[in-house]
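Using the sequences provided together with the hints, build the complete structure.
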Amino acid sequence: MLYALDGVCKALQGTWLSGLISRVGWIIPVLQIIHILAISSVISSVFLLNLRLIGIWGGDEAPDAASRRLLPFIWWPLPILLVTGALLITAEPARSLENPSFALKMALLAAAIGLTLLSQRLYARTPARPRTLQPASMAARGLGVASIAAWVGIVLAGRWIAYTQP
Amino acid sequence: MIFQSILQWLHDTDIATAIREGDTLFPWIECVHVLAITFVVGSIAAVDLRLLGLASRNRRVSSLNAEIVPLTWIAFAVAVASGTLLFSAKAPQYALNTAFEFKMLLLLLAGMNMAAFQLLTYRSIGLWDAATAPPLRAKLAGGISLFIWIGVVVCGRIIGFTMTDMPG
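For the protein sequence lines, the chains are A and B, in the order given. Counting from 1, one number per residue, gives the positions in the first sequence under our numbering. Counting from 1001, one number per residue, gives the positions in the second sequence under our numbering.
Don't read these hints as lab results, they were simulated from the structure. Every clue listed holds true.
Which residues of chain B face chain A? A few of them, derived with a C-beta cut under 8 Å, are:
| no. | residue |
| --- | --- |
| 1 | P1027 |
| 2 | F1039 |
| 3 | G1042 |
| 4 | S1063 |
| 5 | A1066 |
| 6 | E1067 |
| 7 | I1068 |
| 8 | I1158 |
According to the in silico footprint, chain B covers these stretches of chain A (three or more CB under 8 Å from chain B):
| no. | stretch |
| --- | --- |
| 9 | 32-44 |
| 10 | 57-69 |
| 11 | 145-156 |
| 12 | 159-165 |
Ideal Cβ positions, reconstructed from N, Cα and C, are used throughout, including at glycine.
If you want it as structure tokens, here you go:
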């Protein structure tokens, strides 16, 4: 398994694209900056939406309206994150593919997408409720807290990739 | 130089020494800093896009502000506190780093832009609170803010590449 991964890393590193990205010095910082700006949209929207769904912040907007307004700012940056992330991996495959922080980040990403899809199903299609800040059920609070934790974990694991290189 | 000796004093404090010499303190504080910055930038961008008339158009500007800005200030306080700790670890080097100096300049400009918007443009909010396209002065404030905060992220990331002995 590890040998296979080593092979993938070597093959990826040997490609024309990998060579180009590593050779031209400014490409990696630019990709990282786009990656950070895209995750900024996700993180701020995840906090604003889930604090509203938990029922502790966000005031007069109904949960379904808040979901419809904020979910696009979580979903649309994802393709940008995927493309910039994939290019960064192509430049230095072993830096991430053989890195425990990267593995953790991908596991958290799967969890975060699942949790966000679940809250989308629960809230975005529900007809408008009274426009007041109502106490949410324990299950709704749990889902909100778990969503925030998963997306925050992605950012933390992402930054640790730089410090746990193989 | 008084400035130099302040930087050296900061560098020599117990906490700065612990951050500099520890294996995990710097990365963890950096994690907190990055997380806070992502919220600051994302939430300010949400307000800016509303001022530009590009997003949240059916929500009042004042409601959006009330929802977002208090949280932005909390995240900004966390970013400043964690940033100060990171700075203290290598204060003399950061002070000489061009990207760091630009980042501080941009933060100053962001503050001035915000103050001008609050003191002048926002006084007439009653006239355009629900407008899908706010007046030009408000659009300008939003556009400038968006530009400055993207610049803050750009400079922040360049610091990581231009300081010696730091991982990307």
